[in-house]
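Student: Listed below are the residues making up each chain.
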Amino acid sequence: GAGVSQSPSNKVTEKGKDVELRCDPISGHTALYWYRQSLGQGLEFLIYFQGNSAPDKSGLPSDRFSAERTGGSVSTLTIQRTQQEDSAVYLCASRDWVGGTYEQYFGPGTRLTVT
Amino acid sequence: SQQGEEDPQALSIQEGENATMNCSYKTSINNLQWYRQNSGRGLVHLILIRSNEREKHSGRLRVTLDTSKKSSSLLITASRAADTASYFCATDGSARQLTFGSGTQLTVLP
Chain A
1 GAGVSQSPSN
11 KVTEKGKDVE
21 LRCDPISGHT
31 ALYWYRQSLG
41 QGLEFLIYFQ
51 GNSAPDKSGL
61 PSDRFSAERT
71 GGSVSTLTIQ
81 RTQQEDSAVY
91 LCASRDWVGG
101 TYEQYFGPGT
111 RLTVT
Chain B
1 SQQGEEDPQA
11 LSIQEGENAT
21 MNCSYKTSIN
31 NLQWYRQNSG
41 RGLVHLILIR
51 SNEREKHSGR
61 LRVTLDTSKK
71 SSSLLITASR
81 AADTASYFCA
91 TDGSARQLTF
101 GSGTQLTVLP
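From first to last, the protein sequence lines stand for chains A and B.
At position 35 of the first sequence (counting the first as 1) the number is 35 in this note's numbering, and the numbers step up by one without a gap.
At position 87 of the second sequence (counting the first as 1) the number is 87 in this note's numbering, and the numbers step up by one without a gap.
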């Protein structure tokens, strides 16, 4: 079946502009995660959605970052007034909580470059 | 700071040799997982070991877990050039979010 998809795969933007990154999780997966990975580094947790519960936003680095998940499916990560330090690969993952599995399925990521 | 820390940060071996990567973590966990990443893109789940398990095998992979030392190791036997990738451990403490280490870059030379 279809895996997690993300768009765009690459995004180049000028400093100060807003960007939106999209994630389509695996159909039926109730949990959705966003991570950020800077060059040569591990993954940094950003935000987590689980069903209809309030999202866990504890990893968002500043109030310029926000995310929403509409209809319990597609999610959009928005970065306002981008800065050069926002340049990274943004990864989305989904997990079937009801199934009780612990494995997260990752999308291919969006590589964001802020010039 | 990262919960899991892998060492070494980089490892280069010849094809056919075994590769061992280690991971240390700080807090209690429900399980520990290893992921592989090619070319800085999406991660692929390799293996999960629960906190009450000590060793697990999957094909050429062998994972150990020592909860008393808060450490895990990933062994890849008979390595192949295609195993070249970054390998990350991730701890699952709250069964909600995973906390990833900084990874080991493995290079397998043909």
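Keep in mind the hints are simulated off the structure, nothing from the lab.
Some hints here could point you the wrong way.
No more than 30 Å apart at the CA atoms, straight line, and that leaves these computed lysine-lysine pairs for BS3-like [claimed, not checked]:
1) B:Lys70 <-> B:Lys26
2) B:Lys56 <-> B:Lys26
3) B:Lys70 <-> A:Lys57
4) A:Lys57 <-> B:Lys56
5) A:Lys15 <-> A:Lys57
6) A:Lys57 <-> A:Lys17
Cβ-to-Cβ under 7 Å is the rule here; a few derived chain B residues that face chain A [what the hints assert, rightly or not]:
7) Gly16
8) Ala19
9) Asn31
10) Gly42
11) His45
12) Ile47
13) Ile49
14) Arg54
15) Asp92
16) Gln97
17) Phe100
18) Ser102
Just so you know, even glycine gets a beta-carbon here, dropped at the ideal spot from N, CA and C.
Student: Report the numbers of all earlier hints that the structure fails to satisfy, in ascending order.
Tutor: Per hint list: 4, 7, 8, 12, 13, 14 violated.
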